[in-house]
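Kindly generate the complete structure, drawing on both the sequences and the hints.
Chains as they are written, first to last, in the numbering used here: chain A, 1 to 103; chain B, 1 to 465.
Any given hint could be a false lead.
Stated by the list, open to error - Pairs of lysine to aspartate or glutamate, DMTMM-like flavour, derived with a Cα cap of 20 angstroms: (1) B:K431 / A:D93; (2) B:K431 / B:D407; (3) B:K431 / A:D50.
As the list claims (entries may be wrong) - A few chain B positions that, by computed beta-carbon distances, are all more than 10 angstroms from chain A: (4) D136; (5) P210; (6) Y267; (7) A304; (8) R311; (9) G337; (10) Y356; (11) I399.
Said to hold, decoys possible - A few chain B positions that, by computed beta-carbon distances, are all more than 12 angstroms from chain A: (12) A96; (13) G368; (14) V454.
By construction, these hints were calculated from the structure, which means they are not laboratory data. Yeah, the Cβ is synthetic: ideal placement off N, Cα and C, and Gly gets one too.
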Amino acid sequence: MRRGGPVTNEQTGTVRATRVSGVLVRSAIQSLFEQVAAEQERQLAALTDDTRLIDCGLDSLSFAIIVARLEDRLGVDPFSSAETTDFPVTFGDFVRLYEGIAT
Amino acid sequence: MPPKPCPLREAIAAAGAAAGRLYGVRGTTELAGLAHGSSLGGRLEELRGRSVLLVVQDPAHAALALLELDGVAGRLVLCPVDLPPEQLPAVARSAACDVAVVDSAERLAGVDGIERCVTVGPELEPAAVGRAGSHDTEWILLTSGTSGVPQLVRHDLATLTHALADARRGAAPIVWGTFYDVRRYGGLQILLRALLGGSLVPAAPGEAVPAFLERARAARVTHVSGTPSHWRKVLMSGAAAAIAPHYVRLSGEIADQAVLDALRATYPGAIIVHAFASTEAGVAFEVRDGRAGFPAALLDAPGAGVRLTVRDGTLRVRSAGNANGYLGGNSAAFPRGPDGAIDTGDLIEQRSGRCYFLGRRGGVINVGGLKVYPEEIEAVINAHPWVRMSLVRSRRSPITGAVVIADVVLADGEPGGAPPSPEELTRELLKGCRRSLAAHKVPATIRVVPGLEVSASGKLVRPNA
Numbered sequence: 001m002r003r004g005g006p007v008t009n010e011q012t013g014t015v016r017a018t019r020v021s022g023v024l025v026r027s028a029i030q031s032l033f034e035q036v037a038a039e040q041e042r043q044l045a046a047l048t049d050d051t052r053l054i055d056c057g058l059d060s061l062s063f064a065i066i067v068a069r070l071e072d073r074l075g076v077d078p079f080s081s082a083e084t085t086d087f088p089v090t091f092g093d094f095v096r097l098y099e100g101i102a103t
Numbered sequence: 001m002p003p004k005p006c007p008l009r010e011a012i013a014a015a016g017a018a019a020g021r022l023y024g025v026r027g028t029t030e031l032a033g034l035a036h037g038s039s040l041g042g043r044l045e046e047l048r049g050r051s052v053l054l055v056v057q058d059p060a061h062a063a064l065a066l067l068e069l070d071g072v073a074g075r076l077v078l079c080p081v082d083l084p085p086e087q088l089p090a091v092a093r094s095a096a097c098d099v100a101v102v103d104s105a106e107r108l109a110g111v112d113g114i115e116r117c118v119t120v121g122p123e124l125e126p127a128a129v130g131r132a133g134s135h136d137t138e139w140i141l142l143t144s145g146t147s148g149v150p151q152l153v154r155h156d157l158a159t160l161t162h163a164l165a166d167a168r169r170g171a172a173p174i175v176w177g178t179f180y181d182v183r184r185y186g187g188l189q190i191l192l193r194a195l196l197g198g199s200l201v202p203a204a205p206g207e208a209v210p211a212f213l214e215r216a217r218a219a220r221v222t223h224v225s226g227t228p229s230h231w232r233k234v235l236m237s238g239a240a241a242a243i244a245p246h247y248v249r250l251s252g253e254i255a256d257q258a259v260l261d262a263l264r265a266t267y268p269g270a271i272i273v274h275a276f277a278s279t280e281a282g283v284a285f286e287v288r289d290g291r292a293g294f295p296a297a298l299l300d301a302p303g304a305g306v307r308l309t310v311r312d313g314t315l316r317v318r319s320a321g322n323a324n325g326y327l328g329g330n331s332a333a334f335p336r337g338p339d340g341a342i343d344t345g346d347l348i349e350q351r352s353g354r355c356y357f358l359g360r361r362g363g364v365i366n367v368g369g370l371k372v373y374p375e376e377i378e379a380v381i382n383a384h385p386w387v388r389m390s391l392v393r394s395r396r397s398p399i400t401g402a403v404v405i406a407d408v409v410l411a412d413g414e415p416g417g418a419p420p421s422p423e424e425l426t427r428e429l430l431k432g433c434r435r436s437l438a439a440h441k442v443p444a445t446i447r448v449v450p451g452l453e454v455s456a457s458g459k460l461v462r463p464n465a
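Now the structure itself:
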């Protein structure tokens with residue numbers, strides 16, 4: 001069971017499991033976008049950091065599902081965090097939102 | 001008006017040696033003993049005409065006490081076993097209780113206004129049985145109000161026995177088993193049905209399902225009642241085969257097709273009945289065809305003793321089994337409409353001549369402005385052969401306000417073959433939901449969990465949506 005939430009090891013001072021998660025978070029998000037698009041029978045645009053979420057082919061229900069599943073997988077919901085004031089606009093914003101709270 | 005029912009003690013004593021038994025965890029009581037014995041230590045007369053608070057843990061002891069108190073107490077307040085102790089003072093105050101029947105005086109900590117306290121014994125001891133019934137006892141039943149504060153619902157013996165006209169002593173002895181708390185409406189119906197026509201094995205608080213089934217087997221139980229959640233526990237217990245009832249009854253929650261089918265397969269010889277009742281509305285109907293929902297023909301049927309209608313989407317019930325109202329400051333909240341019918345708050349959908357329950361009006365989840373009834377989704381999930389039960393609930397969503405998520409409990413070994421992995425099962429369930437439900441009703445996430453919390457009253461504990 002892989003959990004990517006902020007895990008610290010107090011003794012060794014090492015490794016939040018998510019320090020490498022720059023890549024992990026991004027790939028988790030990428031694959032969830034693809035999975036939910038397939039479930040919702042929606043055509044997903046090619047995802048780059050500049051892809052605007054509004055143009056990526058998913059509707060708000062799809063995003064709600066992605067956020068709920070990321071909360072299960074990563075243990076965090078950056079949208080409900082006090083530091084989050086702006087909703088992400090691009091796919092890159094969305095990924096950074098999760099990376100930001102995880103590192 | 002039908003004749004006034006005679007007080008319970010007299011009705012049971014009249015059966016003489018044919019009166020049944022009450023099977024407790026600590027022993028069996030012959031009800032014929034009520035003719036010349038008491039469980040109240042000879043102190044019944046002290047309770048005559050008073051407002052009696054009944055706080056007793058053991059359901060068999062509580063049952064004996066209330067059989068004795070009917071027709072004697074002015075008012076009888078039945079505290080369910082799961083009533084939080086901190087709510088007891090308010091209940092006693094609202095019902096102006098001046099005496100109490102308890103199993104331990106410690107239960108009255110913090111309760112004011114009680115002048116006398118009578119301790120109920122586990123057995124009927126020989127005692128002078130005083131005068132006959134002198135009072136039309138007002139029975140106060142508590143509902144588990146969703147706001148957390150119980151409503152005090154007023155009944156009397158006539159309203160409580162309205163649906164029991166068929167509960168007559170037959171040729172073969174009837175032995176009821178029930179998972180219900182006999183101090184709540186559903187359980188009290190079974191208690192009255194059982195003791196006016198036979199015997200009763202009530203489940204004890206905290207009693208494990210296999211232990212209860214073993215007691216039921218030993219008592220040669222013929223009729224068993226519980227909520228669908230109780231029955232799912234039986235089906236998951238591995239001990240369902242301990243009993244072979246002739247009659248299986250479900251009420252208190254929506255009986256979906258999956259649980260009805262599973263009971264049919266487990267008890268092929270039994271009549272499987274699901275009924276609808278509420279503390280306020282009384283018994284509305286019972287259905288024996290093994291199919292979820294109920295026939296639309298029951299609605300607006302002329303001349304029926306129980307008149308059922310659907311108005312503003314919810315089921316309304318008018319009958320002589322309706323409660324008389326709420327006690328205390330909240331009496332205006334009693335859900336009786338201008339036509340005299342009780343609004344159950346249960347939403348009905350009609351499809352092809354059949355009425356189906358969608359869920360509680362208050363239990364709706366709002367997903368991006370669209371309504372979702374958890375029970376509708378649970379029915380789809382529960383249809384999967386590897387699912388025993390499920391709970392659909394709301395999770396706050398920053399995107400749509402809420403999404404629905406589901407917790408599922410696996411069936412144990414019945415469908416044959418190896419169980420699917422949680423990932424496979426989740427995938428299959430999502431696929432099934434997408435096939436039969438609108439997109440906003442499909443759970444965003446599904447978790448396989450070891451169990452789900454079922455309240456003492458036998459209903460799935462639903463977090464407030």
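Hint-by-hint comparison with the structure:
1. B:K431 / A:D93: With Cα atoms ~31 angstroms apart, K431 of chain B and D93 of chain A exceed 20 angstroms; violated.
2. B:K431 / B:D407: 16 angstroms, holds
3. B:K431 / A:D50: 32 angstroms, violated
4. D136: Correct as stated: the minimum Cβ-Cβ distance to chain A is 55 angstroms, above 10 angstroms.
5. P210: Check passes; 32 angstroms lies beyond 10 angstroms.
6. Y267: Answer for Y267 of chain B: holds, closest chain A Cβ roughly 38 angstroms.
7. A304: Non-interface label stands for A304 of chain B: nearest chain A Cβ at 44 angstroms, farther than 10 angstroms.
8. R311: Label holds. Min Cβ-Cβ 32 angstroms, cutoff 10 angstroms.
9. G337: The claim holds: G337 of chain B sits with its nearest Cβ about 37 angstroms from chain A, beyond 10 angstroms.
10. Y356: The claim stands: Y356 of chain B keeps its Cβ more than 10 angstroms from every Cβ of chain A (closest is about 25 angstroms).
11. I399: At roughly 4 angstroms from the nearest Cβ of chain A, I399 of chain B sits no farther out than 10 angstroms, so the non-interface label is violated.
12. A96: 47 angstroms, holds
13. G368: 6 angstroms, violated
14. V454: 24 angstroms, holds
Of the numbered hints given earlier, the model fails hints 1, 3, 11, 13; all others are met.
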